[in-house]
Amino acid sequence: MLELVNISFGGFNGRVKNKILDGISLKFERGSFTVITGSNGSGKSSLAEVIVGIKKASSGQIIFDKTDITDKTITDRAKEGIAFSFQQPVKFKGVTVYDLLNISNGALMSETEAGRYLKKVGLEPENYLFREVDEKLSGGELKRIEIASVLARNAKLIIFDEPEAGIDIWSFEKLTSIFKKLKAEGRTLIVISHQEKIFKIADEIIMLEGGKVTARGTFKKVLLAAGEATK
Amino acid sequence: MNLTKEEKQILCEVADIFEVPEGAYNFRINGKSVGRKSTANIDIQTKKKKSGLDIYIKANTKGETVHIPVAISVAGLKEAVYNDFYIGENADVTIVAGCGIYNCGEQDSVHNGIHRFYVEKKARVKYIEKHYGFGRGVGGKILNPTTEVYLEKGAEAELELEQIKGVDSTIRKTRAELKDDARIIVKERLMTHGRQIAKSVYEIELNGKNSVADLASRSIAQDCSNQLFKATIVGNNVCRGHSACDAILMDEAEVHAVPALNAKTKEAELIHEAAIGKIASSQLTKLMTLGLTPKEAESKIINGFLR
Ligand SMILES: Nc1ncnc2c1ncn2[C@@H]1O[C@H](COP(=O)(O)OP(=O)(O)OP(=O)(O)O)[C@@H](O)[C@H]1O
Ligand SMILES: [Mg+2]
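The listed protein sequences derive, respectively, from chains A and B.
For the record, in the first sequence the residue sitting at position 208 is 208 according to my numbering, with numbers rising by one throughout.
For the record, in the second sequence the residue sitting at position 306 is 306 according to my numbering, with numbers rising by one throughout.
Here chain A stands alone, though its shape is the one from the complex:
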């Protein structure tokens, strides 16, 4: 359902131009659950942002559902069915959680309906629905609201960028069950993560280093490959 063909992305690191993504080609099947991992700065978020349209690839092609979306805007890609949960949730003054969920859903939901998405991430609707998505929320609360806002899109392809960051153990359990459910619904999942517990429930792991794919396969296979590499 998603195909990346020879994607590169360059940026400036200080004064030196470097390749943040270097000739990445990957295919993701419909309904698959893939984890992307790799060290800090290896290009995971950049890859996700290129898929979503936030970053523009310097070369290569992106095919989604048989159409070439390489030149499409963020908005168009979202409308085609791509959703993205940010590594750093964005704050808004004056926009309530309810507003955000409605924007995300694309239609005005009842409070009960919107509240359901909050319950999925372990937040009590009556405590959060009418709070503003601003700095008064804690890091973990913001992160959960970010995830809820993405769930409310009911997208075909959902990319989560380090969804576990800042989230407590109880919610973490909730998170893994969300992924299982999304997969059971037939959605395609790409989860950027450093968590072994999430590796274990994925179909496949992709290891990224220096903007290149260095390993791809089941958890065991990738772990083995990583072990070989550090010998």
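Among these hints, one or two may not hold up.
[What the hints assert, rightly or not] Listed below are the simulated DMTMM-like cross-link pairs for lysine to aspartate or glutamate, each with C-alpha atoms no more than 25 angstroms apart in a straight line:
id	chain 1	residue 1	chain 2	residue 2
1	B	LYS126	A	GLU132
2	A	LYS79	B	GLU298
3	A	LYS136	B	ASP246
4	A	LYS93	B	GLU296
5	B	LYS295	A	GLU164
6	B	LYS295	A	ASP134
7	B	LYS295	A	ASP99
8	A	LYS91	B	GLU162
9	A	LYS136	B	GLU273
10	A	LYS79	B	GLU296
11	A	LYS93	B	ASP43
12	B	LYS278	A	GLU80
13	A	LYS120	A	GLU132
14	A	LYS72	B	ASP246
15	A	LYS91	B	GLU296
16	A	LYS91	B	ASP214
17	A	LYS55	B	GLU298
The hints are simulated quantities; they were obtained by calculation from the structure and are not laboratory data.
The hints should help you fit chain B with the ligands onto chain A, whose structure is shown.
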């Protein structure tokens, strides 16, 4: 009351009035009082020597409302109106003011509203003031409000000041003097566009022990408009003062924020925050990933910010 379509639109915009409101009221249209009602606890009287009203609110009056909207629907009208509010001890009331100008002519229409509040011990007043202008005439729609608030011991005032559309030029002056345990909360919302100019100047004197001032202004400046925000908080006693100016700049607009904190004793705790900048690109990006176009995203961010 016999009102034109434009006058009705003004009353609706500035005071959410669709029909005759509950409680006391005075409607001023084109310089004349066209409807008035006093109640058992709230007495509205015409001033003898100047244009304007004296409004007396009896001690212990609770939960009542006073509506005093002003509408101008003719070009070239210039007026200065003095309204004084005397709010008795322990009263708790809401006052809805607001002024709208419809100008389809060539001459400027000007309303200078001078509102003074004398708030007695432990009384509480909520004051809501909205400004609004429309009409295609080249004549200016000019509103210059002055608000003075005198708070006695333990008194409290909450001011909601809003000007979102259509006013060409504004000079807003807000002054307050607070005695012991008095409190003032100000929430200002401002949006300017075209070539509009808006100045908002605050002078708040915290004279009483444990007096508190919290002043929050949020504004958006679009097109070639120009805004000045100047807030002075003077701390003369054990007190707390906070002012925050948050502005979003768009197009070629300018915003000038001039904060001043004068602490005259080490017991005064005064804070000022100011943040001016364009809409954060991360906010636009996030909303676009939720399917909004850049324009739609921008208007969501603006509407939220001004709420
Ligand atoms: N717009 C940009 N311009 C210049 N450098 C960039 C830009 N965006 C990202 N980078 C750099 O590219 C590299 C990859 O960044 P990226 O955020 O994709 O890493 P990551 O794998 O997600 O890391 P982390 O695990 O810390 O989230 C980093 O060195 C980063 O500094
Ligand atoms: Mg990252």
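For each hint, the structure was consulted:
Annotation: proposed proximity of B/LYS126 to A/GLU132 holds, straight-line Cα distance about 23 angstroms (limit 25 angstroms). Restraint check for A/LYS79 and B/GLU298: satisfied, since their Cα atoms lie roughly 18 angstroms apart, inside the 25 angstroms limit. Our distance criterion of 25 angstroms between C-alpha atoms is met by A/LYS136 and B/ASP246, whose separation comes to about 16 angstroms. Note on A/LYS93 and B/GLU296: the hinted pairing holds, with a Cα-Cα distance of about 16 angstroms set against a maximum of 25 angstroms.
Restraint check: the Cα-Cα separation between B/LYS295 and A/GLU164 comes to about 32 angstroms, which exceeds 25 angstroms; the hinted pair is violated. Distance check on the hinted pair: B/LYS295 and A/ASP134 sit about 22 angstroms apart at the alpha-carbon level, within 25 angstroms; holds. Annotation: proposed proximity of B/LYS295 to A/ASP99 holds, straight-line Cα distance about 17 angstroms (limit 25 angstroms). The straight-line distance between the Cα atoms of A/LYS91 and B/GLU162 is roughly 24 angstroms, inside the 25 angstroms bound, and the hint therefore holds.
Straight-line distance between C-alpha atoms of A/LYS136 and B/GLU273 comes to about 16 angstroms, which keeps the hinted pair within the 25 angstroms bound. Between A/LYS79 and B/GLU296 the CA atoms are separated by roughly 14 angstroms; this keeps the pair inside 25 angstroms, and the hint holds. Taken as a hint, the A/LYS93 and B/ASP43 pair is broken in the structure, with Cα atoms around 40 angstroms apart against an allowance of 25 angstroms. Simply put, B/LYS278 and A/GLU80 have alpha-carbon atoms about 29 angstroms apart, too far for the 25 angstroms limit, and the pair is violated.
Restraint check: the Cα-Cα separation between A/LYS120 and A/GLU132 comes to about 19 angstroms, which is no more than 25 angstroms; the hinted pair holds. In summary, the hint linking A/LYS72 to B/ASP246 is not supported, as the alpha carbons are separated by about 34 angstroms, beyond the 25 angstroms threshold. In summary, the hint linking A/LYS91 to B/GLU296 is supported, as the alpha carbons are separated by about 17 angstroms, within the 25 angstroms threshold. Distance hint between A/LYS91 and B/ASP214 is fulfilled; the C-alpha atoms sit about 23 angstroms from each other, no more than 25 angstroms.
A C-alpha spacing of about 20 angstroms is found between A/LYS55 and B/GLU298, which places the hinted pair at or below 25 angstroms, so the restraint holds.
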